[in-house]
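Trainee: Sequence:
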Amino acid sequence: MTFEEFKDQYDRPGNIVLLEGKRDVKEADQDKLVQLGEKLARETKYITFRSGNADGSDLHFSTGVANINSDRLEVITPYSGHRKTTNKAGTTNSLDDIDLTEEPKVVYQSKSRKKTKNLVEKYVDGMRSRYAIKAAYIIRDTVKVIGTNSGIAPIDFGIFYDDLNNPQSGGTGHTMDVCEMNDVPFINQRVWYNWI
0 MTFEEFKDQY DRPGNIVLLE GKRDVKEADQ DKLVQLGEKL ARETKYITFR
50 SGNADGSDLH FSTGVANINS DRLEVITPYS GHRKTTNKAG TTNSLDDIDL
100 TEEPKVVYQS KSRKKTKNLV EKYVDGMRSR YAIKAAYIIR DTVKVIGTNS
150 GIAPIDFGIF YDDLNNPQSG GTGHTMDVCE MNDVPFINQR VWYNWI
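Using numbering that gives the first Met the number 0, the first residue of the sequence shown is number 0, and each one after it goes up by one.
Please keep in mind that the hints were generated in silico from the structure rather than gathered at the bench.
There could be a bad hint or two in this list.
DSS-like mimics (lysine-lysine), calculated; alpha carbons at most 27 angstroms apart, straight line [to be verified]:
(1) K25 - K83
(2) K38 - K25
(3) K44 - K6
(4) K133 - K121
(5) K133 - K110
(6) K31 - K83
(7) K44 - K87
(8) K116 - K133
Here the structure is a predicted model, which means the values were calculated and not measured.
From just these sequences and the hints, can you work out the full model?
Mentor: Structure follows, in structure tokens:
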């Protein structure tokens, strides 16, 4: 996919594109993520860009978008005040404001990874221990893709910075898995490096 093909297909009113990836970003790649965020915000007109407000990829992509227009950036956070000092978004939605008992699809898809299924169940049941709070990050990653019944729209496309030596692993891998479960197309840097 070329950048022009991406724009032709996705630069439409109401469309949301997820920008996210690994926390560990190679130093040589950091500027590329910022450049892509800037290019996307500068050369598209309608897209809203979504992030998870994490350190690393999320921060670099978001910095690029915010350098051009922070009003087109929204974040989904695992709890209120998450990384507040580095949040560059015009709109922030916190998991604390979402009634998970009204979000069965979010809960179901968040439990798709066996390693985190029990954590998600405990979190949904109200446990907020240091251990269970890790589930908030997984649930946040699910919401980033599929949205909620309460008004957060699903995404239309995902752009990722992945670990190409260990692809689709960890939280980023969960987010990619949720994209696949819901037929949401996505790319990683093998494609978008050619856009900048």
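Trainee: If a hint holds in the structure, say so; if it does not, say that too.
Mentor: Now for the hints, and whether the structure bears them out:
no.: 1; hint: K25 - K83; verdict: holds, 24 angstroms
no.: 2; hint: K38 - K25; verdict: holds, 20 angstroms
no.: 3; hint: K44 - K6; verdict: holds, 9 angstroms
no.: 4; hint: K133 - K121; verdict: holds, 11 angstroms
no.: 5; hint: K133 - K110; verdict: holds, 13 angstroms
no.: 6; hint: K31 - K83; verdict: holds, 24 angstroms
no.: 7; hint: K44 - K87; verdict: holds, 19 angstroms
no.: 8; hint: K116 - K133; verdict: holds, 11 angstroms
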